[in-house]
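Chain A is already provided as a structure; the job is to place chains Z and B on it using the hints.
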Amino acid sequence: MNEGHSVALECGKTVDELSDYLAAGRLPYDPDIETCPECLNALDALERVGTLSRSLLEREARELPPPPANWFDRIMDVVRSEMRVGRSLPVQHPDPRVQITITEGAVRALVRSVGDEIDGLYIGRVDIDGDAEVTGAPVEVNITGTIRWDQSVLDATALLRSAVYEALAQHTDLNVVAVNVTIEDVHDFANGEDES
Amino acid sequence: MTGRSGGAASPLSGLSDRILVERASDGDELAFGEIVRRHSGIMRAYTSRIVGSLSEADDVVQEAFSTAWKQLPTLRDGSAVKAWLMKIASREAFALIRRRGTDAALDDGIDVPARDSTNPEAIAVHNARLAALSKALATLPDAQRTSWLLREIGGFSYDEIAEQTSLPVSTVRGNLSRARASIMIQMEGWR
Amino acid sequence: MSALESGRFTEVILGVDGVVDAFPPPSIPRLIAAATGDVERAIVPTNDGLRIDARIATKLDGRSADSARAVADALLAEHPAPDVEIRIQIARIR
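Protein chains in written order, with the numbering used here: chain A, 1 to 196; chain Z, 1001 to 1191; chain B, 2001 to 2094.
Extracted from the complex, chain A is given alone in its bound form (with noise of 0.2 Å):
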């Protein structure tokens, strides 16, 4: 059947349908495999050594030696170089000799930065949704976060909204009909804490 002539038990059970079988939480239920000694011995050695394998490998990621001095750096300097600006958004001035925008890179970082201020909450993604390269279109800004297992939901959420509309009326010209929070995950440090 295979070109690679698979091991085969002498049951017939080949090492690879085995291990596919393992692979696929040993459902559907295989009575043929299920009762048959040799295939359970090899699926308990074939798990063993799956655990063992997975085990090896976070070892030696916590083992190895560390990496060469500037390795973090130069990724890091890969990141900035590449920083995700987005598109620009207007900012409205009298004179038609002048243009102005205001990038939608920062206007992100600054409802991070808002969202991140308010105890117990951290900020995911930060989506501006709607037509926000025209001056004056309605845009609705969606969030998500992480919350602090102590806080409130709701109060964290309102807090949230209520800073966040008050920054871009602060420092953009966008037209916020709306911002909504989505709180998809609890953690359990607290913001600002220093490191152990």
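Just so you know, these hints were derived from the structure itself, not from any lab.
Take these hints with a grain of salt, some might be off.
Keeping only pairs whose Cα atoms sit at most 20 Å apart, straight-line, the calculated SDA-like set for lysine to any residue is [said to hold, decoys possible]: (1) Lys2059/B - Thr101/A; (2) Lys1082/Z - Arg59/A; (3) Lys2059/B - Gln92/A; (4) Lys13/A - Leu43/A; (5) Lys2059/B - Glu117/A; (6) Lys1082/Z - Ala61/A; (7) Lys1135/Z - Asp77/A; (8) Lys1070/Z - Asp73/A; (9) Lys1070/Z - Asp127/A; (10) Lys1135/Z - Ser55/A; (11) Lys1082/Z - Ala23/A; (12) Lys1135/Z - Glu58/A; (13) Lys2059/B - Ala23/A; (14) Lys1070/Z - Gly1052/Z; (15) Lys13/A - Thr1171/Z; (16) Lys1070/Z - Thr182/A; (17) Lys1087/Z - Ala61/A; (18) Lys13/A - Ser1182/Z; (19) Lys13/A - Glu1188/Z; (20) Lys1087/Z - Leu43/A.
Since the structure is predicted, the reported quantities are computational estimates derived from the model, not experimental observations.
Just chains Z and B now, with coordinates in the frame of chain A:
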């Protein structure tokens, strides 16, 4: 912390992959820095076994993270970022192997010292098994080891492995089957 | 453009309340800007007149849009001409 780059753990280390990916997708470099810290270890360990040396692995993983930063906004499910990063690292690793002009990837048997623990005997047994697995992997022919790593660690499908290694799927299946059998025999005295 | 004019340009921009930084504008290749030793310079004569590009950072506890408008006003005052074109981009708030 040995094996980690970028210094001590930050408060971001308590956050899920998902929220960090969302944040980094939007442009937050600190969030991306935490993703790098968190996953670079396993990427380095995995990549080393494909390309054969840690220093080349470090180049590959560095390149992989640059690619990851640029492509991060395309990742729909942030919680799957580890597998996603492993795939990028894998592609870069194979690109390196192709550039080297030979398919032979030598495993120089990375030396991993055992850790001290409060339960030395259990740890010693575990370490011995890890060492045995490491040795078993090293004895495999390159094609088998690579297929095994890509499947068991990388989680790639047979088709994806075939694509990466430029081999027919049936050959990949055969390599995998023999690799699994070899490892099981060496590890478990099976058969 | 002389260093004096470019220095003045930066001075005018940074003199506006709420502006904390000025960057090389995206429209001028960095290489050229670096080669002229004049990284903030962004005053380009075009066929239609003068075009001024400024990229700024504003402060978090200020009003960025207002600051940018004030920068435009300050630059207009420095270069009053019917055919001048002034482009300002707020790239960062901190």
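Would the pair Lys1082/Z and Arg59/A pass a check requiring their Cα atoms to be no farther apart than 20 Å? Roughly 16 Å separates the two Cα atoms, so the pair holds.
What's the verdict on Lys13/A and Leu43/A, does the C-alpha distance respect the 20 Å limit or exceed it? holds, 11 Å
20 Å Cα cutoff - pair Lys13/A, Thr1171/Z: Measuring from Cα to Cα gives roughly 18 Å; hence the hint holds.
Need the status of pair Lys1087/Z, Leu43/A: alpha-carbon distance at most 20 Å? Between Lys1087/Z and Leu43/A the Cα gap is close to 27 Å, so the pair fails against 20 Å, i.e. violated.
Does the alpha-carbon distance linking Lys1082/Z and Ala23/A stay inside the 20 Å limit? holds, 19 Å
Taking only the CA atoms, is the gap from Lys13/A to Glu1188/Z under or equal to 20 Å? holds, 19 Å
Regarding the pair Lys1070/Z and Asp127/A, is the alpha-carbon distance no greater than 20 Å? Holds, because 18 Å separates the two Cα atoms, which is no more than 20 Å.
Between the alpha carbons of Lys1135/Z and Ser55/A, is the straight-line distance 20 Å or under? holds, 15 Å
Holds or violated: Lys1135/Z and Glu58/A, Cα atoms, limit 20 Å. OK: Lys1135/Z and Glu58/A at ~16 Å, within 20 Å.
Measure nothing beyond the straight line between the CA atoms of Lys2059/B and Glu117/A; if it is 20 Å or shorter, mark the hint as holding. holds, 16 Å
Is the straight-line distance between the alpha-carbon of Lys2059/B and that of Thr101/A 20 Å or less? It holds: about 16 Å lies between the C-alpha atoms, which stays within 20 Å.
Does Ala61/A lie within 20 Å of Lys1087/Z when you go C-alpha to C-alpha? holds, 17 Å
In summary, the numbered hints that this structure violates are 7, 13, 14, 16, 20.
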